[in-house]
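Could you build all of it, start to finish, from the sequences and the hints given here?
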Amino acid sequence: MGRPVAGGPGPRAWVLRLLLGLAAWRGGAAGRSAVCSCCPGPVRNGSSVASYCAARPALELQGRCCLSREPEPGVIVGLDLGNCSLTFLCAGFPDANTAVVIDLTENPLGNIPNTSFQGFTRLQSISLPRALECPGGNMAWDLNTTHGDSRTCQGQRNLCNSSGELAWLCPENSQCSPDGPGLVQCLCSGSYHGYKCLREGTFPLLLFYGTLGAVTTTLSLLAWGSQRRKAKAS
Amino acid sequence: MAVPRNLRRQPANGSLVSHCTHHHIAVFLLTFFSYSLLHASRKTFSNVKVSISSQWTPSDINTTALELQPYELWNSSHLFPNAEEATLFLGTLDTIFLFSYAVGLFVSGIVGDRLNLRWVLSFGMCSSALVEFVFGTLTEWLHFYNKWFYCCLWVVNGLLQSTGWPCVVAIMGNWFGKAGRGFVFGLWSACASVGNILGAFLASCVLQYGYEYAFLVTASVQFAGGIIVFFGLLISPKEVGLPELGEEQEGSAEEDANKPLISNNEEDEDDQNYSIQAPDTSNQPKAIGFFQACCLPGVLLYSLAYACLKLVNYSFFFWLPFYLSNNFGWKEAEADQLSIWYDVGGIIGGTIQGLISDMLQKRAPVLAISLLLAIGSLFGYSRSPNSKPINAFIMAITGFFIGGPSNMISSAISADLGRQELVRGNSEALATVTGIVDGTGSIGAAVGQYLVSLIQDNLGWMWVFYFFILMTSSTILFISPLLVREIRLLLHERRLRTRTG
Chain A
1 MGRPVAGGPG
11 PRAWVLRLLL
21 GLAAWRGGAA
31 GRSAVCSCCP
41 GPVRNGSSVA
51 SYCAARPALE
61 LQGRCCLSRE
71 PEPGVIVGLD
81 LGNCSLTFLC
91 AGFPDANTAV
101 VIDLTENPLG
111 NIPNTSFQGF
121 TRLQSISLPR
131 ALECPGGNMA
141 WDLNTTHGDS
151 RTCQGQRNLC
161 NSSGELAWLC
171 PENSQCSPDG
181 PGLVQCLCSG
191 SYHGYKCLRE
201 GTFPLLLFYG
211 TLGAVTTTLS
221 LLAWGSQRRK
231 AKAS
Chain B
1 MAVPRNLRRQ
11 PANGSLVSHC
21 THHHIAVFLL
31 TFFSYSLLHA
41 SRKTFSNVKV
51 SISSQWTPSD
61 INTTALELQP
71 YELWNSSHLF
81 PNAEEATLFL
91 GTLDTIFLFS
101 YAVGLFVSGI
111 VGDRLNLRWV
121 LSFGMCSSAL
131 VEFVFGTLTE
141 WLHFYNKWFY
151 CCLWVVNGLL
161 QSTGWPCVVA
171 IMGNWFGKAG
181 RGFVFGLWSA
191 CASVGNILGA
201 FLASCVLQYG
211 YEYAFLVTAS
221 VQFAGGIIVF
231 FGLLISPKEV
241 GLPELGEEQE
251 GSAEEDANKP
261 LISNNEEDED
271 DQNYSIQAPD
281 TSNQPKAIGF
291 FQACCLPGVL
301 LYSLAYACLK
311 LVNYSFFFWL
321 PFYLSNNFGW
331 KEAEADQLSI
341 WYDVGGIIGG
351 TIQGLISDML
361 QKRAPVLAIS
371 LLLAIGSLFG
381 YSRSPNSKPI
391 NAFIMAITGF
401 FIGGPSNMIS
411 SAISADLGRQ
421 ELVRGNSEAL
431 ATVTGIVDGT
441 GSIGAAVGQY
451 LVSLIQDNLG
461 WMWVFYFFIL
471 MTSSTILFIS
481 PLLVREIRLL
491 LHERRLRTRT
501 G
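Sequence order for the protein chains is A and B.
Residues in the first sequence are numbered from 1 upward in steps of one, following the UniProt record's numbering.
Residues in the second sequence are numbered from 1 upward in steps of one, following the UniProt record's numbering.
Simulated from the structure, these hints should not be mistaken for lab results.
It is possible that some hints are incorrect.
[To be verified] Computed footprint of chain A on chain B, listed as stretches where at least three residues anywhere in the stretch have a Cβ under 8 Å from a Cβ of chain A: (1) 22 to 29; (2) 46 to 57; (3) 86 to 100; (4) 217 to 226; (5) 388 to 395.
Note that beta-carbon positions come from the ideal geometry of N, C-alpha and C, so glycine has one too.
Dropping the structure here:
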């Protein structure tokens, strides 16, 4: 049985959201430590992550991560997994989807499936072993440079704008938006919401029931007054 | 056989006007709108089929090159793997509803006059509204989609809704004497079509918010109607001290059996059952049993004829919006509003053809001609172009030619069977026979719903229309004995007239 996104209002949705929010916060805390401590040691001194972090005072280092302090505390901005002897990505890798800079160089990584980068919309620079392709292919990045043993992909392109390779046809009432390097998603546009963006606007429950209640009461009183008041047997 | 016209007409006009009090008007309006509301909520289900089908299935893989993201938004509902299976299940739900409705009708005939009609009617309306709310709105709010749950709820809904028609007809029968009955019932029987129009209108208005709100609105309005009925409905004139019907009218059992009681698409059954409650005081011959009633000449033929015609009528009722949006790609809300024209045609057809047959005093020729033209209009409708005005026009014409006979076939049958030597004046046989005829009709309609979704799934919409044409032809075939008899009578009368005049 599928469970589509809850679109309507109501106490149940609010409770769900509250719980999810708590879980995310706690999960964020756990995830922060999981992927940041996936590889031992601190962020390497010469890495792109270190230089990115040092240039911005609002960021702090923790384990292999570069976290932001404000406005969103604890959010991963940079991830350095270089020289970690990884053959595949860490289990907590999706938690780093807010990262702007990622370093995966000097790892015996196999081919990374494109879906590993789903949700990495803020990613602007990723360094990989030279043997690997840029995630999403060449077309997903503005700049693709190789430097010795590593490859650096910079400037994630918004594939929704390009009309050519991926002429994206999102279904009715939805619009294309980026979902990571080489990935797009269809989100509901405007006031549309709910499963498959079928629903538009919110139903005026109060107005409806108010009117119905008033009309029913009036008509019932009218009917009873004119008809049944003198009724003998029930 | 035929009662001379002037003898029949005069009492009608006289007593109708003199006996009409504001109580009569209130009863007319309350029963009219209570049945309309019951019918409106049935219509809601057929009008939101496209939206429900979308809700139950993941996105169509064939039309999009890659799998759509995010998953929760486009693919997370897997109740049915594709739209075709969902359609089949929707047809199954219609069939289940009609079967339980038919069973409920048989039962209501037995239970109805033992309990207080007002309580039964308001209970039926309110509880049916609650079931519809759970079916359409609650399951969506809780995201609980389960096939067995839907089936069970719809069975219960069918049983609860079947209490409506017997009660309203019984109450109308208590208030409106035989005198004005033909005219009043003719006007009153438009309630089902008005209910269809109301349901279609309400559904199309709120469909944009989600199909669950269409169910919410119609269920709430139906519940409110149940409350108003409970507070305002008078079951019989006796309740306010007015004279009962039986006390004013004497010795007209034969006239009553003669007078065709015009009834509507689905239910003429208990129509007879309750309307003849009053003149039960005269000495009656023994009631005929169920199997004896079945073996009466013509009962089987007319049951089958009605089954075929009710199938076509109900298929239009249940599947028209789905056909319009499926075949032409029109938005579901627009399709809902357009399907109203079929009911408009049905109301006009029923009224006009009833009037014509009243004037000619012969029903079968009017029926046969209308059914032949119905075949033509069905053919024309199946080839209707993708243009809303033209489609609506042909749809109204089809409704005119199918709705009219549907109204009349039942009244023609009941009147004709009432005139037979064997059962003349025997009200119990009439009720049983009408029950058989309408019960068979309902079962035929139920089977038809499943067949429609099956044919559409495997062969396409054109074959569905051929199926309808086949059914309409079968109706003509089944009523041909009656037709032959009436034509012979017509010629005989004309020969008599030329001889005497």
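Going back to the hint list, which numbers does this structure go against? Of the numbered hints, 3 and 5 do not hold.
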